[in-house]
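Assemble the whole structure, with the sequences as input and the hints as a guide.
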Amino acid sequence: MKKKGCIKRLFPGGNTSKGFYSYFDNIINLKEANRFFVIKGGPGVGKSSLMKKVGHEMVALGYDVEFHHCSGDPDSIDAIYIPELKVAFVDGTAPHVIDPKFPGAIDEVINLGDCWVEDKMVANRERIIKSIEENGKIYKRVYKYLAAAKIIHDDIEWVYGQAMDYAKLNIETNQWVEKLLKGVKAKKKLAKERHLFGSAITYQGHIEHSETFISPIKKIYCIKGAPGTGKSTLLQRLANKFIEKGYDIELYHEPLEPEKLESIIVPELDLAITTNSNYDNSLALDLDKYLKLDVIEKYKDELMESERVYTYLMDNVFCNLKKTKINHDEIETYYIPNIDFDKVNAITAGLIDRVLKFKHK
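Heads up: the sequence shown at position 79 corresponds to 728 in our numbering, and the numbers run straight through without jumps.
Calculated directly from the structure, the hints in this document are not laboratory data.
Note that beta-carbon positions come from the ideal geometry of N, C-alpha and C, so glycine has one too.
Hints are supplied without guarantee of correctness; some may be wrong.
Stated by the list, open to error - Now the in silico label distances, taken between C-beta atoms and shown as ranges:
#: 1; residue 1: Lys992; residue 2: Lys799; range: 17 to 23 Å
#: 2; residue 1: Leu839; residue 2: Asp814; range: 35 to 41 Å
#: 3; residue 1: Glu893; residue 2: Lys799; range: 27 to 33 Å
Claimed, not checked - Computed cross-link-like contacts, EDC-like style, restricted to lysine to aspartate or glutamate with a CA-CA straight-line distance of at most 20 Å:
#: 4; residue 1: Lys817; residue 2: Asp935
#: 5; residue 1: Lys793; residue 2: Glu782
#: 6; residue 1: Lys779; residue 2: Asp978
#: 7; residue 1: Lys657; residue 2: Glu733
#: 8; residue 1: Lys702; residue 2: Asp713
#: 9; residue 1: Lys949; residue 2: Asp803
#: 10; residue 1: Lys909; residue 2: Glu842
#: 11; residue 1: Lys867; residue 2: Asp919
#: 12; residue 1: Lys793; residue 2: Asp804
#: 13; residue 1: Lys1006; residue 2: Asp724
#: 14; residue 1: Lys667; residue 2: Asp814
#: 15; residue 1: Lys689; residue 2: Asp713
#: 16; residue 1: Lys793; residue 2: Asp964
#: 17; residue 1: Lys841; residue 2: Asp674
#: 18; residue 1: Lys841; residue 2: Asp919
#: 19; residue 1: Lys817; residue 2: Glu806
Encoded structure:
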């Protein structure tokens, strides 16, 4: 019997300065998948619970499983992926609406809406409509505050950028990159990129699970630096180097600015490079060394004011996200009492049996 599998906890979507931003297409490569189950149904119908049960059952049977958490509610699951079996389950409802691309051949819709007691649901029609529309309005406010926070964060980055001695920085980073890549031979294949979020802005605050996807890596290098010192730019530069050499790479993005990188992992080299401060004990580069303190002093008051405004805006983001959680919980109260959970459990058990049939493929 296999030993218990490992759990990797990730975020496929995020609340960002550009609204809800999705990397859901990166959960599984559909053309290589054995099965891709798209779970449909309203709030509280049991989509997350179904995926958790399937995921934990697979872990107990010895399979490694990725649990992809919801940025709206990090205790909820938006998807699971079982790499060894090449099977994934995903919540296909808003805001990450997913429909089958290869229906029947790879994709399959599981409609938990079939488990509703419809007459009772219709009786709550007006309250359901009002609550769902209200949640949408709150999220619009969240994204406006995040967009404003990004503008202020840009100003903070600008100040630190003005203070950087890029001539000295470029000399050391060039030497470090050259040393890191020494002996890394090019592979005769095209590299694959996988993009996900390394952390999330949630109603619980800024959440990350790096202990499950960075800590297990053998070689970890941390890059330290204030906003605007070039951390993400350096990560992207390194990512491009590994891709050019044919190495598959995992790219973990920031939630506020989803194009920027927090971490990169090169599985074939058992290598991780991260800006996550939890790994300061593996410090490779401290970009703050290249800050000109006289420039920082010159803009000290402006910097303090921008940091104050940024904190204020992010506090409002978290406050409003808490409202979405309260509102979502209320919406679920209209659904949960009117779900046939015996039927949901039967569907779950049947799916576990079906997933295990792929273990020899």
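For each hint, the structure was consulted:
1. Range check, Lys992 to Lys799: about 44 Å between beta-carbon atoms, so the 17 to 23 Å window is missed.
2. In this structure the hint that Leu839 and Asp814 lie 35 to 41 Å apart at CB holds, the actual value being about 38 Å.
3. Between Glu893 and Lys799 the CB atoms are about 30 Å apart, so this pair conforms to the stated range of 27 to 33 Å.
4. Our distance criterion of 20 Å between C-alpha atoms is met by Lys817 and Asp935, whose separation comes to about 12 Å.
5. Taken as a hint, the Lys793 and Glu782 pair is honoured in the structure, with Cα atoms around 17 Å apart against an allowance of 20 Å.
6. Proposed proximity of Lys779 and Asp978 is supported: the alpha carbons are some 14 Å apart, at most 20 Å.
7. The hinted pair formed by Lys657 and Glu733 meets the criterion: a straight-line CA distance of about 14 Å does not exceed 20 Å.
8. A threshold of 20 Å between alpha carbons decides the hint, and for Lys702 with Asp713 the separation of about 14 Å falls inside it, so the pair holds.
9. Annotation: proposed proximity of Lys949 to Asp803 holds, straight-line Cα distance about 16 Å (limit 20 Å).
10. Taking the CA atoms of Lys909 and Glu842, the gap is near 15 Å; set against the 20 Å cutoff, the hint holds.
11. Proposed proximity of Lys867 and Asp919 is supported: the alpha carbons are some 6 Å apart, at most 20 Å.
12. A distance of roughly 17 Å separates the Cα atoms of Lys793 and Asp804; the hinted pair therefore holds under the 20 Å criterion.
13. Our distance criterion of 20 Å between C-alpha atoms is broken by Lys1006 and Asp724, whose separation comes to about 29 Å.
14. The suggested pairing of Lys667 with Asp814 is violated, with an alpha-carbon distance near 31 Å, which exceeds 20 Å.
15. Taken as a hint, the Lys689 and Asp713 pair is broken in the structure, with Cα atoms around 25 Å apart against an allowance of 20 Å.
16. Restraint check: the Cα-Cα separation between Lys793 and Asp964 comes to about 13 Å, which is no more than 20 Å; the hinted pair holds.
17. The hinted pair formed by Lys841 and Asp674 meets the criterion: a straight-line CA distance of about 13 Å does not exceed 20 Å.
18. With a C-alpha separation of about 16 Å, the suggested pair Lys841 and Asp919 falls inside the 20 Å cut-off, and the hint holds.
19. For the hint linking Lys817 to Glu806, the alpha-carbon distance of about 19 Å falls within 20 Å, and the restraint holds.
Hints 1, 13, 14, 15 from the list above are not met by this structure, while the remaining hints are.
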